[in-house]
Amino acid sequence: MPQSRPYGDRSILIVEDEFILRMDLVAFFSDEGFRVLEASSAEDAIALLATDPGVRVVLTDINLQGQMTGLELAKIVRHRHPPTTIFIMSSQTAPLAVELAAGAQFFPKPVNNVRLLRQIEPLTPSGEMAARCWAS
Amino acid sequence: MPIIAATSSLQQLLAWSLRLKLPMLQRCLLAIALVLGVAFVREAFGPDILPFLFFIPVVIGIALVLGAVPGLLAGGVSAAASLLSYVIAHGHPTYERIGSTALYAIVLAGLVVFAASLRSMFEQLHERSEVRELANAELAHRLKNQLAVVQSIVAQSLRSENVDPAVRSTVSQRLIALGAASNILTQTSWSGGDMETLCRDVLGHKADPCRLRLSGQSTELQGRIVMPMALALHELATNAAKYGALSNTSGIIHLNWTVARTRSGDRFRLSWRETGGPPVIPPTREGFGTKLVQSSLASYCGGDVTVRFPPDGMVFELDAPASVTLKDYA
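Protein sequence lines, in the order shown, are assigned to chains A and B. Following this note's numbering, the numbering of the first sequence begins with 1 at its first residue and continues without gaps. Following this note's numbering, the numbering of the second sequence begins with 1001 at its first residue and continues without gaps.
Be a bit skeptical, because a hint or two may be false.
DEER-style ranges, computed between Cβ atoms [claimed, not checked]: (1) A/ILE20 with B/HIS1126: 27 to 33 Å; (2) A/THR93 with B/VAL1149: 16 to 22 Å; (3) A/GLN92 with B/ARG1200: 18 to 24 Å; (4) A/GLN92 with B/GLY1287: 34 to 40 Å; (5) A/GLY54 with B/HIS1254: 22 to 28 Å; (6) B/THR1188 with A/GLU43: 33 to 39 Å.
Hints in this document: simulated from the structure, not taken from any laboratory. Glycine included, every Cβ here is placed at the ideal spot set by N, Cα and C.
Please take these sequences and the hints and turn them into a complete structure.
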């Protein structure tokens, strides 16, 4: 279920090294009215978050440019910016629970953008309804 | 049945020993210890009872699980132990006894070599299946990545050409349904897909759980049916969201499947029934979506699809031979 209360502004950091995929995600979330930041490596992402700590959502691929993987990035983000909502995506098999940063959610690639958006904004009407249904 | 159980437990033991990768010295010591253990047990029955019989299964087992060298060693030790037992009880052995022990050792060596070659054949098979699994995982990874790139290219091309957002969404959602199907297929190496998992993956985010009532026995679809089934279910849900049970706040979709026995063989029957939606108006236009629902699935399944539009909710039914639709269905 949703990891955090709304935090910071309506912003998302997309960490994806494959340019075509990143471009699509950036355009999709811009269209949805997000302030979008982008990085192609975990190192760049960490630097961006240091200067802009109010980012609400981090969406990262597992295989990235540079030394660090998205799984390591997620753990660092969880440690340094605890309220951030974290999503991890990959075309490889789902990581084990211990590999995922606490509360991070995994999405298999190809990612369903609309589904992702639903998870990010659980307060949309349909999301609210789903939550009620599960509870009853 | 006990034979099958024994065979599979022997296979498991073999697979376990291959994973264990004990060093040779440890394997040889283990083999000697096992044979000496058996020698003591046999001694308890008296020195003259069945001099070799107790050792044969143990030595062959050692050759199978630990390999040729420990097997030959175990064979030698068992022959020596048998002879020693005789010497302790009766003094100097007869020539006949020495001859039979030598014969035992030779025959046993042959059996050990045979068992060890079975072991190495098993080892090769084991390695090959590991390589195949790795190759399959890599292929699945690349396919999914490729599919993600296709989705991005299509989405961005349509976006930059200012195509109607409704069309853009239709196309991307279809590709996403295709992605869900591929995701299930890669998990089973393209051999099939669980019906309920497929429904949840394709429909889960389109319908709230309380408005999607799934019921059906555990059913594995055949690999080639997974993709057309995913696309058809996706179109049905899209249609329901636009005009049917998912277009208001109270409509419900009942999705049932069952395998029915009939005179002409077993049939896989699937029904999608909408209730509580707005009054149904039959569609006037036949688009690609309609074809995915009505013709494509029927063609892949070799069965019949009927779509009806009674006023209280549309009904979709598939009736197809289970042998074509379901996995491992004789």
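In this structure, is the beta-carbon distance linking A/THR93 and B/VAL1149 contained in 16 to 22 Å?
19 Å, holds
Taking the CB of A/GLY54 and the CB of B/HIS1254, does the distance hold inside 22 to 28 Å?
Violated - the Cβ-Cβ distance for A/GLY54 and B/HIS1254, about 46 Å, lies outside 22 to 28 Å.
18 to 24 Å as the expected CB spacing between B/ARG1200 and A/GLN92, which holds or is violated:
21 Å, holds
Does the hinted range 34 to 40 Å hold for A/GLN92 and B/GLY1287 at CB?
With Cβ atoms ~36 Å apart, the hint holds.
Tell me if the beta carbons of A/ILE20 and B/HIS1126 are separated by a distance inside 27 to 33 Å.
Between A/ILE20 and B/HIS1126, where Cβ atoms are some 40 Å apart, the hint is violated.
Is it true that B/THR1188 and A/GLU43 lie within 33 to 39 Å of each other by Cβ?
37 Å, holds
Going down the numbered hints, you'll see the structure goes against 1 and 5, while the others check out.
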